[in-house]
Amino acid sequence: MIRVVLPAHLRKLAHVEREVKLDVEGQVTQRSVLDALEARYPMLRGTIRDHATQRRRPFVRFFACEQDLSQEPPDAPLPDAVATGGEPFLVVGAMAGG
Amino acid sequence: MSGVRVLVGTRKGGFILASDGKRSRWDVSGPLFGGWEIYHLKGSPADPNRLYASQGTSWFGQLIQRSNDGGETWEPVGNRFVYDGVPGTHLWYDGTPHPWEFARVWHLEPSLTDPDTVYAGVEDAALFRSTDGGQTWQELPGLRNHESASSWQPGAGGMCLHTILQHPGDAGRMFVAISSAGTFRSDDAGGTWRPINRGLRSEQIPNPTAEVGHCVHRIAMHGSRPGVLFMQKHWDVMRSDDAGESWQEVSGNLPSDFGFPIDVHAHEPDTIYVVPIKSDSEHYPPEGKLRVYRSRTGGHEWEALTKGLPQRDCYVNVLRDAMAVDSLDSCGVYFGTTGGQVYASADAGDSWAPIVRDLPAVLSVEVQTLP
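One line per chain: the protein sequences are A and B, in this order.
Letter by letter, the first sequence follows residues 15 to 112 in our numbering.
Letter by letter, the second sequence follows residues 3 to 373 in our numbering.
No wet-lab data here; the hints were simulated from the structure.
Please read all numbers here as calculations on a predicted model, not as lab measurements.
Glycine is no exception: its CB is placed at the ideal position from the N, C-alpha and C atoms.
Each hint can be trusted.
Quick list of simulated restraints, FRET-style, between CB atoms:
(1) A:19 - B:26: 42 to 50 Å
(2) A:88 - B:171: 45 to 53 Å
(3) A:108 - B:272: 49 to 57 Å
(4) B:270 - A:108: 47 to 55 Å
(5) A:33 - B:140: 31 to 39 Å
(6) A:73 - B:100: 18 to 26 Å
(7) B:24 - A:108: 45 to 53 Å
(8) B:329 - A:33: 44 to 52 Å
(9) B:298 - A:26: 41 to 49 Å
(10) A:94 - B:149: 52 to 60 Å
(11) A:73 - B:171: 44 to 52 Å
(12) A:88 - B:355: 53 to 61 Å
(13) B:160 - A:65: 16 to 24 Å
(14) B:90 - A:39: 35 to 43 Å
Assemble the whole structure, with the sequences as input and the hints as a guide.
Next up, the structure:
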């Protein structure tokens with residue numbers, strides 16, 4: 015079970031609480047987690063990753079285990095603590111603008 | 003009793019302002035989608051309970067919301083706006099090629115006859131259509147594939163397709179306007195397009211009378227006379243009597259012919275409204291006086307409408323999508339400002355009163371006249 019924390023705007027859009035729990039098949043990576051997230055909550059498609067390129071939107075960041083994983087390749091394994099559900103994967107709106 | 007519903011898009015959410023036919027007391031509801039930019043809300047002419055909203059932020063991109071009950075409840079629908087084929091390039095502000103990139107939906111235009119069909123004008127400029135109530139979107143690529151498209155450049159607000167007009171009697175004929183490429187017409191339901199900018203003159207481009215490159219801010223038509231178009235250009239108020247084949251300037255005695263919105267009275271096809279703005283670098287009314295100007299002669303001769311509007315120390319702007327008219331017997335006129343006021347006139351502009359004064363900056367105003 016993977017834990018994902020969403021920013022307020024996306025929680026409201028998906029009608030979920032602060033933390034979402036997901037089952038992810040196979041290796042736990044940014045891509046597999048986001049695929050599972052979007053499969054469960056289709057209204058989030060396009061809000062975290064660009065529809066066409068599947069790249070992270072510029073003002074979205076990914077944190078976990080007190081690390082910034084935003085620049086990691088999408089198919090790189092996430093930390094074991096995320097893969098085992100010990101720590102959440104955080105989707106964060108960049109701190110830009112008021 | 004008949005009534006009106008005013009749909010207001012702002013920098014931080016959407017609002018619905020409702021009144022009966024007297025238009026003197028208003029219920030204000032909102033914000034809808036608080037914290038998000040709502041570029042545009044519009045209702046279907048074929049089903050007034052069907053509303054569409056363009057919702058977005060720089061953080062989380064574009065969403066489209068749909069209501070089937072007049073705005074009581076909403077559901078997100080499709081937000082996949084992907085250009086057809088390889089999008090290519092247009093020109094950037096400095097004249098260098100720049101890849102076509104989707105940024106946002108500026109304008110949603112529901113079909114005149116089918117609530118499930120809706121057009122979307124987007125930045126970077128392109129026209130999309132949904133025929134399933136917004137669930138899926140397909141580009142009408144004939145516009146962006148026009149031979150001139152690689153030379154289109156953005157205006158200050160981005161390279162946006164901001165106006166979509168449908169001919170009420172000819173389903174094949176449509177008009178769109180793009181900042182800053184100009185106005186285009188299709189006679190085959192959006193399959194192919196050609197620029198219709200003859201008569202426009204823009205000193206900001208190398209060839210002031212070029213076929214494309216004009217910063218058209220808004221075009222408007224009256225449904226009973228769809229061959230006549232009115233235009234607020236970057237500078238100049240223009241008129242065409244031949245469906246855009248040629249344009250003549252009708253700025254007349256306006257204190258400034260720079261501005262953004264233009265609209266037509268619901269029952270008088272030659273009565274038009276603009277809001278003069280001082281200049282392209284000073285986006286506020288001349289002399290700090292917020293004045294709507296009305297022409298009852300289709301241009302050339304204009305009168306200032308000031309009753310109820312601030313006539314000193316007013317430095318707001320009125321954006322291109324932020325004016326609308328209702329179709330009650332005494333035509334109502336509405337506009338919103340970047341200062342967050344929405345003003346209404348129930349007497350065709352003779353007098354005005356604010357419905358609300360302190361919304362976030364208003365991006366768009368639309369009106370539904372309800373039975």
